[in-house]
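Same order as they appear, the protein sequences are chains A and B.
Residue numbers for the first sequence follow the working numbering, so the first one is 1 and each next one is one higher.
Residue numbers for the second sequence follow the working numbering, so the first one is 1 and each next one is one higher.
Think of the hints as simulated: they come from the structure by calculation, not from any bench.
Remember, it's a predicted structure, so these values are computed and weren't measured experimentally.
Note that beta-carbon positions come from the ideal geometry of N, C-alpha and C, so glycine has one too.
Be aware that a few hints might be false.
Pairwise CB distance ranges, derived in the manner of DEER restraints [said to hold, decoys possible]:
id	chain 1	residue 1	chain 2	residue 2	range
1	B	Thr79	A	Thr11	20 to 28 Å
2	B	Asn82	A	Tyr45	26 to 34 Å
3	A	Glu47	B	Ser119	41 to 49 Å
4	A	Arg102	B	Pro33	50 to 58 Å
5	B	Gly8	A	Thr11	48 to 56 Å
6	B	Phe105	A	Arg102	37 to 45 Å
7	B	Thr18	A	Glu49	18 to 26 Å
8	A	Asp42	B	Ser133	38 to 46 Å
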Amino acid sequence: MPSTILSAVRTPLATALSGVTANIFSYVPEQVPVPAVVLVPDSPYMEFETIGKGTFRCKLNYTITCCVAYNSNPASLDNIEQLITSVVAVIPTGYDVQVVDRPTVTQVGASNLLVADIRVSTWYTQTA
Amino acid sequence: MATTVITGRDLTLTIATTAYDAQTTSVTLVNSPTIDVYQTLDGKAYKHTDDQWTLNVELLADWGAASSLFEAMWTAADTNPNTTLAVSLTAVTGAVFACNVLPVFPAIGGAAPGAQTDSWTLTVVGTPADTFS
């Protein structure tokens with residue numbers, strides 16, 4: 001059975017992130033218990049950068065969304081900065097950490113969250 | 001005749017029997033001809049005197065990986081710098097070019113953020129052989 005993106009890319013990244021003091025999701029949850037880290041595909045999701053087509057190979061782009069409660073602006077900003085720092089520190093080798101987007105306030109359900117996206121990329125080759 | 005487009009995804013590259021497709025983002029086999037120009041009483045005259053082919057490869061670095069291509073090229077350049085490596089470049093099914101290149105030392109390092117990459121300019125010994133079918 002060939003390797004999958006789930007087993008070769010998303011699970012290793014989620015496992016690495018599990019060391020962070022936050023709730024980790026490899027998908028977008030309906031409810032977001034903060035602090036939370038959510039791994040979602042970025043756009044473009046797959047880029048084909050290498051030659052040849054005998055083997056499926058691509059560059060995968062992801063957004064790691066960091067969420068903290070938005071109660072006090074100074075405290076929330078400090079919290080999300082600490083969460084971003086801890087997430088970036090555990091991203092494993094082979095993942096290209098690019099930028100962190102500006103934190104924004106997002107309403108999820110009845111609560112406000114302070115949210116920032118970390119953009120990462122990696123390369124995937126399907127193996128037998 | 002219908003338009004036929006071939007792309008970089010149609011390319012395959014083998015150096016010293018090892019496939020480099022997995023790391024290669026660009027490959028070109030180009031010729032730099034030497035053409036002498038003479039100004040005669042009847043105008044310009046041209047003489048094609050020489051050809052020097054070059055294999056240009058742009059790659060993602062894979063230091064430390066199992067069967068690392070960068071480490072293989074480093075070893076070849078370090079231990080046998082004057083021994084050519086056999087190259088097979090397939091432009092598309094039915095158009096294959098074979099040549100021999102001299103190894104080069106890969107560059108080490110890169111910029112943050114971003115993948116470590118390198119560009120190799122490999123001198124071709126002789127003239128590539130074509131196989132069209």
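Earlier hints that do not hold, by number: Numbers 1, 2, 3 and 5, in rising order.
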